[in-house]
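Chemist: Once you have looked at the hints, place chain B on chain A.
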Amino acid sequence: MSYIHIENAGKTFKENGQEFTALLDVNLDIEKGEFICLLGPSGCGKSTLLNAIAGFDLVNKGSIKIDGKEVAAPSDRNVTIFQNYGLLPWRTVIKNVELGLEAKKIDKAKRREIAKKYLGLVKLEKFENSFPRQLSGGMKQRVAIARALAVEPDIVFMDEPFGALDAITRMKLQDDILEICKNEKKTIIFVTHDIEEAVYLADRIVIMTPNPGKVKSVITVPLHHLRDRTSGDFLLVRDKIFDLLNMKTEELIEYTI
Amino acid sequence: MKKILSFRYVVVSILILIGIWEILFLVNDYSEALFPSPFMAFKALIEMIVSGQLLESIITSMGRFVIGYGLSVIVAVILGLILGSLPGAFKYINPTLQLLRPISPTAWMPFVVLLFGIGDLPAIVIIFIAAFFPVLLSTVSAVMKIDDIYFRVSENFGIKQPQLIWKVILPAAFPGIANSIHLALGSAWIFLVAGEMVGAQSGLGYQIIDARNNVRADILLATILVIGLIGLLLDFLIGALEKKILKAWGGEQ
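In order, the protein sequence lines correspond to chains A and B. In terms of full-length UniProt numbering, the first sequence is numbered consecutively and its last residue is 257. In terms of full-length UniProt numbering, the second sequence is numbered consecutively and its last residue is 253.
The set of hints was computed from the structure by calculation and includes no laboratory data. Quick reminder that beta carbons are idealized off the backbone N, C-alpha and C, glycines included. Check the hints yourself; a few may be wrong.
Straight-line Cα separation of at most 30 Å, DSS-like style, residue types lysine-lysine; simulated pairs [claimed, not checked]:
#1 Lys95/A <-> Lys167/B
#2 Lys108/A <-> Lys95/A
#3 Lys185/A <-> Lys160/B
#4 Lys105/A <-> Lys160/B
#5 Lys167/B <-> Lys117/A
#6 Lys126/A <-> Lys105/A
#7 Lys247/B <-> Lys123/A
#8 Lys243/B <-> Lys145/B
#9 Lys167/B <-> Lys123/A
#10 Lys116/A <-> Lys244/B
#11 Lys214/A <-> Lys240/A
#12 Lys247/B <-> Lys95/A
#13 Lys108/A <-> Lys243/B
#14 Lys95/A <-> Lys145/B
#15 Lys104/A <-> Lys247/B
#16 Lys160/B <-> Lys116/A
#17 Lys69/A <-> Lys160/B
#18 Lys160/B <-> Lys117/A
#19 Lys14/A <-> Lys145/B
#20 Lys172/A <-> Lys95/A
#21 Lys105/A <-> Lys247/B
#22 Lys160/B <-> Lys110/A
#23 Lys247/B <-> Lys126/A
#24 Lys104/A <-> Lys145/B
#25 Lys116/A <-> Lys247/B
#26 Lys104/A <-> Lys167/B
#27 Lys108/A <-> Lys244/B
#28 Lys117/A <-> Lys247/B
#29 Lys61/A <-> Lys160/B
#30 Lys160/B <-> Lys145/B
Chain A regions said to be covered by chain B (calculated; three or more residues, Cβ under 8 Å) [said to hold, decoys possible]:
#31 71-77
#32 80-88
#33 98-111
Looking at chain B on its own, in the form it has when it is part of the complex:
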């Protein structure tokens, strides 16, 4: 991670992006209001920071994200550990999971709004759904793939449920689970914006809709950049955390 994000590469990479943007700005025929330059977007960003609007949106969105993603991971991992330990029961539940899994979380959106109305809940629900299936299914498969020898050793030493789950099953499946938690973070963040665009009156996603309604393409693009930056930061943080935990686990990596 350090190498990928080393300072020189980051600067050059972003300069290339801004360069392409600037060129497109110079050659296109749209009005400035519809297609602003990088500098105009930057000014809009400063404007939002100064007015405090950006911070407020970020806090609102992060709150929803932490609740939705956090709950999703906790529920999915616990359920996954249980279902993974009961392959017989999982056979009855797996077809339903496979049916629900390919449905885009946004497809649930109108239904969720109908039930809960506009507010925090639709965004939280959509993030929950986005992270839930990948983490649940990876946890189940990680548990099912645990080497039989760990169970033999536990059985031999008289380690029974519920200790078995905490002492053996969770740690043995942990590398697989951690990986899926990491991947799910990215998709959860993507669907946060979708959720807020449809089901909320605040947050970063709503800010994009609001900017469109006011024909403020500069604010719109600045918000998109902020969303990207936060996504990158979150990914970096959880990646570092994952590595640290795996190391503490003494994993075989």
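Here chain A stands alone, though its shape is the one from the complex:
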């Protein structure tokens, strides 16, 4: 069985007496070390699926297993990175990175050492004593990445982590995250609604559609890291996704002589 095994997973909410299906019959297998993007428009259940695998909001149909064990609660083996960072504003950058280590009862000197190492990895060692409010959005997200990696998780979940950032910062962080992945060898599940981002990052892209949220198809990106955003192959994959999401308009070409 694969590392993450999702079988007939579904989730329904009851709101004002009406049943609402957020996720329907998802089947997906993810191998260790894969970079998976969950891609789709809002309401397609991609965040619901991520939260279910991460253990925050469990599915109420089917099953999700990680390493053969049913997901029942969040664990520090699988850390989530949120769009709005989730940094504690009253803690300095380094104390934020140490947060996960404190619960693991690692002693103070060792905590500091590990936190410094991971702040170095995201190139923020100069800001260890700053407060989050003094940092830009991109820097905050890098602190969150350092904090997640510091507890040495097996899986990193990312819920539209770069959604609040400007386009240029986003591209830089995409490069950073690819490089970190290459060195740290984590399994990454990454939620996004940005097609280009998905093509740039993922080994496989899970394309989801709304009403009800379900997996439309899974495509393997036949490109190697690092990718060229302007290459023909890149555009070809992007084009395929546009097609799957029915976003291509049928153009009537008129010829006049």
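Modeler: What follows is chain B alone, placed relative to chain A:
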């Protein structure tokens, strides 16, 4: 704060107050014993300072204030953190709180005196009540308003109770709590005087009653001024402390 209390504004503002007082003194028909001039009140103030009576009253009142207000804040914040973390339980307690909250602390006074007699305790109890409800309710609402993301992050990293309260809930709710602690200080100080007027034989509040009984309006007014001054000073101190702590907290202000 620095700007509001800048020296020039303070001097002019107080001069205006003394000026109005002096004019009222000159135009009214009351006897000097009943409506003294600012200068007479000032002389009474010096008299009280020299005799040591004022210092003694201030120390007595401050002692009661620190105990009543301090205990109230500690109990209210701890209770607020617990109730805020247990919204289910809070639903059962909130109606009672809402019933007790609008009751003026002075209304409890006769009851408190009946139970504890005259002395330190009635004043302490009344200060406690005055600060308790605003701090408790603000703490509960501050805890309930904490962004869910902090709880998700804590859950993810395996931070559980009781660490969660100290590491996440208290600091996340702190700006709201600090603000209510600051506001409650003002009302606690107001009710200290009320408490001492009814339930004590010493302190600044009692000194006012004592001055009335001896028909010493000059001492009475001088005492009122001292109460105002101490209130202003306390407010300034806690305001500065609040700012300092918020800064250390790295708050989003």
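Chemist: Against this structure, judge whether each hint is valid.
Modeler: Checked hints:
{"no.": "1", "hint": "Lys95/A <-> Lys167/B", "verdict": "11 Å, holds"}
{"no.": "2", "hint": "Lys108/A <-> Lys95/A", "verdict": "11 Å, holds"}
{"no.": "3", "hint": "Lys185/A <-> Lys160/B", "verdict": "29 Å, holds"}
{"no.": "4", "hint": "Lys105/A <-> Lys160/B", "verdict": "13 Å, holds"}
{"no.": "5", "hint": "Lys167/B <-> Lys117/A", "verdict": "23 Å, holds"}
{"no.": "6", "hint": "Lys126/A <-> Lys105/A", "verdict": "26 Å, holds"}
{"no.": "7", "hint": "Lys247/B <-> Lys123/A", "verdict": "26 Å, holds"}
{"no.": "8", "hint": "Lys243/B <-> Lys145/B", "verdict": "21 Å, holds"}
{"no.": "9", "hint": "Lys167/B <-> Lys123/A", "verdict": "27 Å, holds"}
{"no.": "10", "hint": "Lys116/A <-> Lys244/B", "verdict": "28 Å, holds"}
{"no.": "11", "hint": "Lys214/A <-> Lys240/A", "verdict": "18 Å, holds"}
{"no.": "12", "hint": "Lys247/B <-> Lys95/A", "verdict": "16 Å, holds"}
{"no.": "13", "hint": "Lys108/A <-> Lys243/B", "verdict": "29 Å, holds"}
{"no.": "14", "hint": "Lys95/A <-> Lys145/B", "verdict": "23 Å, holds"}
{"no.": "15", "hint": "Lys104/A <-> Lys247/B", "verdict": "29 Å, holds"}
{"no.": "16", "hint": "Lys160/B <-> Lys116/A", "verdict": "25 Å, holds"}
{"no.": "17", "hint": "Lys69/A <-> Lys160/B", "verdict": "22 Å, holds"}
{"no.": "18", "hint": "Lys160/B <-> Lys117/A", "verdict": "26 Å, holds"}
{"no.": "19", "hint": "Lys14/A <-> Lys145/B", "verdict": "24 Å, holds"}
{"no.": "20", "hint": "Lys172/A <-> Lys95/A", "verdict": "25 Å, holds"}
{"no.": "21", "hint": "Lys105/A <-> Lys247/B", "verdict": "28 Å, holds"}
{"no.": "22", "hint": "Lys160/B <-> Lys110/A", "verdict": "22 Å, holds"}
{"no.": "23", "hint": "Lys247/B <-> Lys126/A", "verdict": "21 Å, holds"}
{"no.": "24", "hint": "Lys104/A <-> Lys145/B", "verdict": "28 Å, holds"}
{"no.": "25", "hint": "Lys116/A <-> Lys247/B", "verdict": "24 Å, holds"}
{"no.": "26", "hint": "Lys104/A <-> Lys167/B", "verdict": "14 Å, holds"}
{"no.": "27", "hint": "Lys108/A <-> Lys244/B", "verdict": "26 Å, holds"}
{"no.": "28", "hint": "Lys117/A <-> Lys247/B", "verdict": "27 Å, holds"}
{"no.": "29", "hint": "Lys61/A <-> Lys160/B", "verdict": "28 Å, holds"}
{"no.": "30", "hint": "Lys160/B <-> Lys145/B", "verdict": "19 Å, holds"}
{"no.": "31", "hint": "71-77", "verdict": "holds (count 4)"}
{"no.": "32", "hint": "80-88", "verdict": "holds (count 5)"}
{"no.": "33", "hint": "98-111", "verdict": "holds (count 5)"}
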